[in-house]
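Novice: What follows is the residue order along each chain.
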Amino acid sequence: MRRFLLATAVLALGALLAGSAIAAEQLVINGSTTVLPIAQAAAEQFMKTNPDITVSVSGGGSGNGIRALIDGTANIANSSRFIKQEEVKMAVEKGRYPVPFGVAIDAIIPVVHPSNTIANLTIEQLHDIYTGKIKSWKELGGQDRPIAIVSRDTSSGTYEVWEEKVLKGDRVAPQALIVASNGAVVQTVASNPAAIGYIGIGYLNNELKAITVNGITGSIETARSGEYPVSRYLFMFTGGWPTGAALKFINFVMSDEGQKIVANEGFVPIR
Amino acid sequence: MSTEGAMRGDRVPQAAITIVAAVGLLILIFILVFLVRESIPILKIASLKDLLFGIYWYPTYNPPDFGMLPLIIGSIAVTLLSSVLAIPLSLGLAIFLSEVCPRTLREFFKPTLEVLGFLPSVVLGFVGMVLLAPWLQMNLNILSGLNMFNASVLMGIMIIPIVASIAEDSFTAVPQDLRDAAYALGSTRLETIIHVLFPAALPGVVEACLLGIMRAVGETMVVLMAAGGAAVIPRSIFDPVRPLTSAIAAEMGEAPVGSPHYHALFFAGLLLLIMTLAINLTALWVERRWRWKA
Numbered sequence: 001m002r003r004f005l006l007a008t009a010v011l012a013l014g015a016l017l018a019g020s021a022i023a024a025e026q027l028v029i030n031g032s033t034t035v036l037p038i039a040q041a042a043a044e045q046f047m048k049t050n051p052d053i054t055v056s057v058s059g060g061g062s063g064n065g066i067r068a069l070i071d072g073t074a075n076i077a078n079s080s081r082f083i084k085q086e087e088v089k090m091a092v093e094k095g096r097y098p099v100p101f102g103v104a105i106d107a108i109i110p111v112v113h114p115s116n117t118i119a120n121l122t123i124e125q126l127h128d129i130y131t132g133k134i135k136s137w138k139e140l141g142g143q144d145r146p147i148a149i150v151s152r153d154t155s156s157g158t159y160e161v162w163e164e165k166v167l168k169g170d171r172v173a174p175q176a177l178i179v180a181s182n183g184a185v186v187q188t189v190a191s192n193p194a195a196i197g198y199i200g201i202g203y204l205n206n207e208l209k210a211i212t213v214n215g216i217t218g219s220i221e222t223a224r225s226g227e228y229p230v231s232r233y234l235f236m237f238t239g240g241w242p243t244g245a246a247l248k249f250i251n252f253v254m255s256d257e258g259q260k261i262v263a264n265e266g267f268v269p270i271r
Numbered sequence: 001m002s003t004e005g006a007m008r009g010d011r012v013p014q015a016a017i018t019i020v021a022a023v024g025l026l027i028l029i030f031i032l033v034f035l036v037r038e039s040i041p042i043l044k045i046a047s048l049k050d051l052l053f054g055i056y057w058y059p060t061y062n063p064p065d066f067g068m069l070p071l072i073i074g075s076i077a078v079t080l081l082s083s084v085l086a087i088p089l090s091l092g093l094a095i096f097l098s099e100v101c102p103r104t105l106r107e108f109f110k111p112t113l114e115v116l117g118f119l120p121s122v123v124l125g126f127v128g129m130v131l132l133a134p135w136l137q138m139n140l141n142i143l144s145g146l147n148m149f150n151a152s153v154l155m156g157i158m159i160i161p162i163v164a165s166i167a168e169d170s171f172t173a174v175p176q177d178l179r180d181a182a183y184a185l186g187s188t189r190l191e192t193i194i195h196v197l198f199p200a201a202l203p204g205v206v207e208a209c210l211l212g213i214m215r216a217v218g219e220t221m222v223v224l225m226a227a228g229g230a231a232v233i234p235r236s237i238f239d240p241v242r243p244l245t246s247a248i249a250a251e252m253g254e255a256p257v258g259s260p261h262y263h264a265l266f267f268a269g270l271l272l273l274i275m276t277l278a279i280n281l282t283a284l285w286v287e288r289r290w291r292w293k294a
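Those sequence lines, one after another, are chains A and B. Just so we're aligned: the first sequence equals residues 1 to 271 in the working numbering. Just so we're aligned: the second sequence equals residues 1 to 294 in the working numbering.
This is chain B alone, in the form it adopts within the complex:
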């Protein structure tokens, strides 16, 4: 990476790119430091154990309770359910697009799928509140249609374009030689897809899934409007939940700056960052470990 021997004209763009990359990194570090700095004060008021495992979230009362367990479980539960609903569908869609779909139809389908990914989340939240919730409530005789299942269905719709698009790219990237070799040995299309294609594209597919999951963890509008907002640990998928994102969005406007509530909400934000970071690191680890060698 030395500049010796490089033409003088190369140094300026090199420096420019280095500066831009450094700025990007600095912004990330700044955000992390800011989050940590604003979260630490809550540990003086509530112990880490109370924060992570307490089951009552009543931050505005006197004396306040800062138990985030219902919020954490809410986030995890909605993310899990939406992934379970969306990922099989997305992978099936990706396989269809890359292996089965006729070329001309694919030229139409793939852009449409990507456009679906641009749907504003508030529109989905609105649909959930106004259409899905009453329908669920009437047909399933549950207490309320604003619940975990509602939010997960909407989030699933939201992450399908992301996962399907990236997974489809990985499938298409697998060299045609492998498929030809498999067919030459007499496999059916299904056998080729399951035993040859999937393992070959696995790192990319896993990355696609993890990206979708990260999106679901950070989603705010959909859960704010459609998940019900009750800070309880759900006992069925039709119970209302209050994920971390929805708690922050609903309560940050009122929390006086510098109050324990304010610091607790920043701590919730830090937890979200840690969760996203963990998923990101998992993605890196998977890619490194299972990198398919040509």
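This is chain A alone, in the form it adopts within the complex:
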């Protein structure tokens, strides 16, 4: 009799656990490493108030995220750039209409090593540095050493904005060091006194020195007002108007509580 009761108890427990696992709705979010901190923090908070939904967040670049949305392997695509024409076409072909939600504003800050004496650069100077025209810090009034240019690979949304607003479509110098993420840029510039790089404002820390652009400091106020020239909207895309868990999550991120998380992560809330 006792063994029978024990077996029944174990089976019931198993059924309960299995049931809760099956009942748990899955939300897969993929994409930009810039939006990643926001998505992760929001997901943690969201799962606390919605215990029946499991959210998994991963980075990999805006391009990868949108690709996953198109392929159907992600419910929400984080993107630090707007969706491209070819991507829209592919999405519609697969029956997934991409719906954008502007969830935060990002400012991209050029950074140098703390020992660097330069404090301000114009967009033209940044352009000339990154295309290789200005080769030494001396030409900018700094020390006499060559500039180590740090840039991102082409799948990065951060790079695309830098290309649009600073490079204006011109090619990055071939000798630029290409690194794979915002974190890698921080690591590279913080350990190299001759380096210059660019990162999302959320990645700024005291291992780096931020440069003002055209005399304007990149900050929450200047990004939201549009004064700071190198700023952009951050998006979350869904396939078609979101329903179920995706809708709940998007509503959460756009709510006051979600925007507080955006501000905590060092980005600019949209309102």
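Honestly, the hints are just simulated from the structure, not real lab data. This structure is a prediction, so every number in the text was calculated from the model and none was measured. Each residue gets a CB set at the ideal place from its N, CA and C atoms; glycine is no exception. Where hints are given, some of them may not hold.
Claimed, not checked - Heads up, incomplete: computed chain B residues facing chain A, CB under 7 Å, no partners named:
1. 29
2. 58
3. 60
4. 134
Put chain B on the given structure of chain A with help from the hints.
Specialist: For chain B alone, coordinates are given in the frame of chain A:
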């Protein structure tokens, strides 16, 4: 190889093994065909000469440039440098393990060496990015610590276990009679190693080196994180490079399927396959030509 006279019980395992081998071969052929099929379209857009000898790699711009020479030279340079750094060390280690090391210590050393070979390459890449790069940059006053030398040192660490382990096996496989004969004729240990042992174990040693080189050619994570990523032809060993593997890994995620960039990256993959195949064929040729006859 006829089944006549073979017991009935032999036919089933024979058939099973044949099927498995055939499947393995088919998968390889499929991969090769797939690579070739996805690479061909790029030749409609850029000539073979531009692809192999062009020096500007700007695949995402308009108009794009698909010059792979910096990438190819990057791959070759890193492989060469890491081999030069690692192979002498590995062979020395192999000789030490097989000839000099006391038996009990060897029982401890050899497994440790093989465990070192299991170190994930991303860990090595991380070490290169976070520890080696700043150290190089500060002490050698170069532009950046993320360069060819950094990646080669890490790759060397990665291929030492492979080369040393296999070379050590070849040295141990040389029959003791040869060593005894050499000692009997009055050679010192060093003379025996150089003039008797090495030539006898040469095919195995060469194969070990070539295996290590093949590993280095195909390595992605280490070069992605520590080699710098600049698509330029290096003029010194402290220049950053962008080998083929790192270009594919960094850019494949963004290249829209079916675009010229996508096909160009597949072409890069095909080049890598050809390089690996060439090294493999060299290994076979060496083994055949120098097979030591008992």
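Novice: Each of the hints needs a verdict: does it hold here or not?
Specialist: Status of each hint after checking the structure:
1. 29: Status violated, d = 27 Å.
2. 58: holds (5 Å)
3. 60: At about 5 Å, which falls below the 7 Å cut-off, the nearest Cβ of chain A leaves the hint on residue 60(B) intact, so it holds.
4. 134: The hint holds - residue 134(B) has a Cβ within 7 Å of chain A, the shortest such distance being about 4 Å.
Of the numbered hints listed earlier, the single one contradicted by the structure is hint 1.
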